[in-house]
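K.L.:
Listed here are the chains, written in short residue letters.
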Amino acid sequence: MRAVDVRDLVVRFDGRPVLKGVSLSVGRGERLAVLGPNGSGKTTLLRAIVGVLEPDEGSVEVLGERPPVEGLSYVPQGHAHYEYLTPRENLRFFARMYGVPGDGIDGLVERFGLPDRRAGELSGGQRRRLDLAVALLPDPEVLILDEPTEGLDVGAKRDFLSTLERVSDERDVTVVFSTHDPVEAERLADRVVILDDGRVVAEGSPRELSRRVCGEPVVVVEGDVRGEEALPYPYTRVGDALRVRVGDPEEGMIRVLETLLDAGSRIEAVRVEEPGLADVLTVLVGGEG
Amino acid sequence: MKPGRPVAVAVKDLRAVSRNRAAFFWIVVFPVVMLVMFKITMGGGGFHVKAAVVTHGSRIARSFVHELNGTGTVHAVVYGDERGALEALRKGRVDAVIVFPPGFDRAVAEGRHPTVRLYANGNDPRGYHAVVGALTGALNGLENGVRRAVTGRLPPDLARVIEDYAHPFGIHVKEVRGVNPGAYQTMAFLAVQALFSASLAAAMATIPEIRSGTMDRLRTTPASPVEVLLGKYLYTTVLVTSGAVLGVLVGRYCLGIGYTPSPTAWALFEAAVVSSAAVGTSVAALLRDEKAVNAVLNSIAFPSMFLGALVVPECMVPRAALRVVVNYPPVTFLHAAKLHELYGKAPSPAGLAVAAGITVALVALSGWAVSRTPR
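For the protein sequence lines, the chains are A and B, in the order given.
Quick note: the first sequence uses this note's numbering, first residue 1, plus one each step.
Quick note: the second sequence uses this note's numbering, first residue 1, plus one each step.
Just chain B, with the same shape it has in the complex:
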């Protein structure tokens, strides 16, 4: 084998893809666009709720509205009647409605235990839970404030007893940052690169060779199929890694994501790229049709990203699905990289060895598929 030949194949493919605007967009630019989307939607800074508050003249409610508007997360608007507020909720003009019943202040003062109603739109289940969680927290804070105001008028000993019985323990929510703050969005971006771009790049470098006849031509040259295939893998790895580095730099210097993947994460990412490229090459060589290959690769990449919990939180993915999908080698490597970067968890050598074994088999399959005689 002459080392110059795989390099020549890789350089030729890189030159060709840099001139093919559509391919360049999908393989390099699109994942960076995805990174920006991840930053915006998963960065945590974008959460905001618009709440309609029906006060029915309550001073406590008005002061609650003032407090909510001071949080920067909830924008509270006072509505005059409950029906109008609920209509606004159904039409999506507000995310939640909080109704203080008529005579609320007096009922509180007289210890009649009035009920504050909280409505949220259930059409978006994840949004519903987020809104209810945020506003329940705010209402709990209000309740504590009111209770302290009421018990404050009692003798201190009695007030303490009532406080303790009413609330046997307190809750204090604090955020603990993971090992690498900002890793979440970057790892999601790397997953898109490895699962989507790598398989697509490898496939798009293979199909035209087969369809135009250049693969047949190469097979009549002294270049061996191994040399040509190595060139394809080298091209895919260089292209996708360049896109990944570009994304990490954009994240760091343009989006304020102060995180750079560790060497372990990069190594696992490269393993995922090779594995995914083997899948892309095999599918391309077996199907030999651009549209069919695109459909199959997208059908593999997108469910893997979501069900492998690579671009969504793990708590949102059914455990059974995750257990299955994580065995797909590119997901195995990326999932291990994510756990390593977010929580400092060391990858399981046994799991990686199995994934590496399957990857070797996939590379061999791609070699067979490419050199298989098309009839």
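For reference, chain A alone in the conformation it holds in the complex:
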């Protein structure tokens, strides 16, 4: 049984299709990033997955059932907690709503470094950590997060992603999160779904996607380069630089260097140019992110 299974999902707002037949599947323990520009349908897709939005067509199953289901936790966009309550009071309230005992609350407060002040007075990073702590209350099997690092500064974003990574590893929880930041998706996700204008335009691991869409990594060698005709890879020469398209950059770089040095090259610089998800987005959706 897959953790999340979405088939031919269509959602319309006032008759206008926002999701146009989206299908995706997430395995248990997998981390999936839904990447796409603003307005591509990411939030709509996640809201349909958690069951707060009824599909117009198609189906959604979470843990083999129609959502909302037990074992699923959702962190909506923004600050989805009560700003006039302290983190502890927020956690106590949501524990009642989830129907779980509140004995783990002190541990969560301590572990997530949440001060005993009203949530409205906390920093953006602390508030996002509170959102995550609330989501972990029912000990979920599937965690859905909508743009969890939106509005955070670089430091807070890094801290939050580390916390999320740690939590998902420790609890073996399936994580589906939306973002328009390719770096964030690359860092955290096992697999990425790129959404544009309500359709899935690409899907795969960050490396697979990069290579499939933007081509294989390129080893760039600069200096007095000789013997390139003996290379087992395709290459192009651009001025003094030799650009060699290799399959695996680690193995490829060694073979390229051995071949060129054997032919008497005097190499001044070597680097690997590997395309990333940012390049993928540029190719697929015009660089918006």
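By construction, these hints were calculated from the structure, which means they are not laboratory data.
Just so you know, even glycine gets a beta-carbon here, dropped at the ideal spot from N, CA and C.
One or more of the hints may lead you astray.
[Claimed, not checked] Taking CB as the label site, the calculated pair distances span:
1. B/Pro222 <-> A/Gly120: 22 to 32 Å
2. A/Met1 <-> B/Gly4: 48 to 58 Å
3. A/Glu65 <-> B/Val33: 51 to 61 Å
Based on these hints, arrange chain B on the given structure of chain A.
P.N.:
Leaving out everything else, chain B in the frame of chain A:
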């Protein structure tokens, strides 16, 4: 359904509102301030008139001025000429001008039927009627006194005949207190609580849930929409009833309003609170914008208070308007409560049943609006 969940929602909302100073002011403090205003403006003790009296040397007029100043309600000031007195009236320095014509005493003695002129400023229509009513009464008293003085010089039989023909009947004004003296201001205050505070409290507890995403979050928990909605109604009822009890206590112990609403009035008040909360929740869930919700709820609450004759006397409200507005369920309940408390009139079961039916429909509407998928 777990009973603990609605209670948890209510406790959470009460805790939040107690820390939100602006919301707390509008929902709890503002209605009490209104009660003080009602006591001051409608309590009956504050009526006072400043009258300019142009005597033209009349002894009768001077004695009238002395009598007026002894009433405690009218403060009479003697003016030397009519033009100056009328100018003072136009400028609002006095509320009325009474002009005794030159040679008034002599004209009275000679039976020439002189005319005393009474002027009042018509810019404030209600004030005009109140001032004219008060001073006409005082002048009627003076006329009676003068007539008795004149007829007193005649043989008793003749005097009696003249008295009887001049005044075939007498008028004696007496105040009859209603069933609950002091109920008027308190019922007006309860109307503000139910119509204004209840709808606002329910709306303010709903909008942030929708806007921040906590409502979406709650919908993914095992808590059902009914449990969440029940919590909202429980919160609104507890908050508004606490404000109402506070107001009644302030009225009783600080403002000297010796009245406590009957159990029937409280029951009708609670029905009005639920009905009004349903309107507030529905409007909040449908509009999802704080400013728009405030505008709509105020546009409903304030005309209802006035046209439903809940904060003004019924005689001041056009009958046609009252007939329409009284069908709005919160007004139906509050109007029935007011009639019960002021005049001991039993509420009409049919009217209340219709209002209760509409209230149930409104609660259902609020449930649909809250659980409706926002797109």
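K.L.:
For every hint, state whether the structure bears it out.
P.N.:
Hint by hint, here is what the structure shows:
1. B/Pro222 <-> A/Gly120: 22 to 32 Å: holds, 27 Å
2. A/Met1 <-> B/Gly4: 48 to 58 Å: violated, 32 Å
3. A/Glu65 <-> B/Val33: 51 to 61 Å: holds, 53 Å
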